[in-house]
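*Asks:* Listed below are the residues making up each chain.
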Amino acid sequence: MLDVIAAVEGSTAAIGYGLAAIGPGIGVGLVFSAYIQSTARQPESSRLTLPYVWIGFAVIEALALLGIAFGFIWQGQL
Amino acid sequence: MLDVIAAVEGSTAAIGYGLAAIGPGIGVGLVFSAYIQSTARQPESSRLTLPYVWIGFAVIEALALLGIAFGFIWQGQL
Amino acid sequence: MLDVIAAVEGSTAAIGYGLAAIGPGIGVGLVFSAYIQSTARQPESSRLTLPYVWIGFAVIEALALLGIAFGFIWQGQL
Chain A
1 MLDVIAAVEG STAAIGYGLA AIGPGIGVGL VFSAYIQSTA RQPESSRLTL PYVWIGFAVI
61 EALALLGIAF GFIWQGQL
Chain B
79 MLDVIAAVEG STAAIGYGLA AIGPGIGVGL VFSAYIQSTA RQPESSRLTL PYVWIGFAVI
139 EALALLGIAF GFIWQGQL
Chain C
157 MLDVIAAVEG STAAIGYGLA AIGPGIGVGL VFSAYIQSTA RQPESSRLTL PYVWIGFAVI
217 EALALLGIAF GFIWQGQL
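Chains as they are written, first to last, in our numbering: chain A, 1 to 78; chain B, 79 to 156; chain C, 157 to 234.
Watch out, some of these pointers could steer you wrong.
Just so you have them, the derived chain B footprint on chain A, three or more residues with Cβ under 8 Å [as the list claims (entries may be wrong)]:
1) 11 to 20
2) 31 to 41
3) 47 to 59
4) 68 to 76
No lab work stands behind these hints, which were simulated from the structure alone.
We put the beta carbon where it would ideally sit given N, CA and C, even for glycine.
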């Protein structure tokens, strides 16, 4: 009997989020590594550059979190 | 009986957005890391280079957001 | 008889987490490598930059751990 044709199960949203996390994982790492290196070199600049660490972190991390949101949306659950 | 044919569910739009977010995640990280490092090194240049941070951020992030828009369009929902 | 058509089995959540671990793997490596290099160069800066190592590590690692959580969620197990 033909009871199982596709044994791979789950949602494409899991693959989508996995892909969407690659770029932000590297990008946020670049932002923090730049801040660590420049703060070690010029400690007096740490207050000047800190806001851009948080802005950069936020806009990059948002790309991965959008992957979660649209994973639900494109599954038709939202 | 043929009761299950496709157990993987969801839309390819989720995979498409995931792929579209890889590049912008790295690219926006490069822009902010360059701004943090150059502002720490030459604090007097921070006003001169800031507009290009926002322009670069906008045009790079647009690539990922286009992935959302065309995800809906190619699904036939728009 | 046609008793097996698809011999590949498992869940897309495994592929999703595998992809989600690529970026954070590189990103956390960038953060720690920046801290090691800048601490070696300016040992007096090690206390100043250490908090950002932990913050950066936490927010980047979270991207991969979200891939585990949403793997379960999108399978319909949670």
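*Asks:* A separate judgement is required for each hint: does it hold in the structure or not?
*Replies:* Here is what the structure says about each hint:
1. With a cut-off of 8 Å between beta carbons, the stretch 11 to 20 of chain A has 9 residues touching chain B; three or more are needed, and the interface restraint holds.
2. Three residues within the 8 Å Cβ limit are the bar, and the stretch 31 to 41 of chain A against chain B gives 8, so the coverage statement holds.
3. Here's how the stretch 47 to 59 of chain A fares: 7 of its residues keep a CB closer than 8 Å to some CB of chain B, so the rule of at least three is met and the hint holds.
4. With 4 residues having a beta carbon nearer than 8 Å to a beta carbon of chain B, the stretch 68 to 76 of chain A meets the requirement of three or more and the stated coverage holds.
Violated hints are absent here; each numbered hint is respected by the structure.
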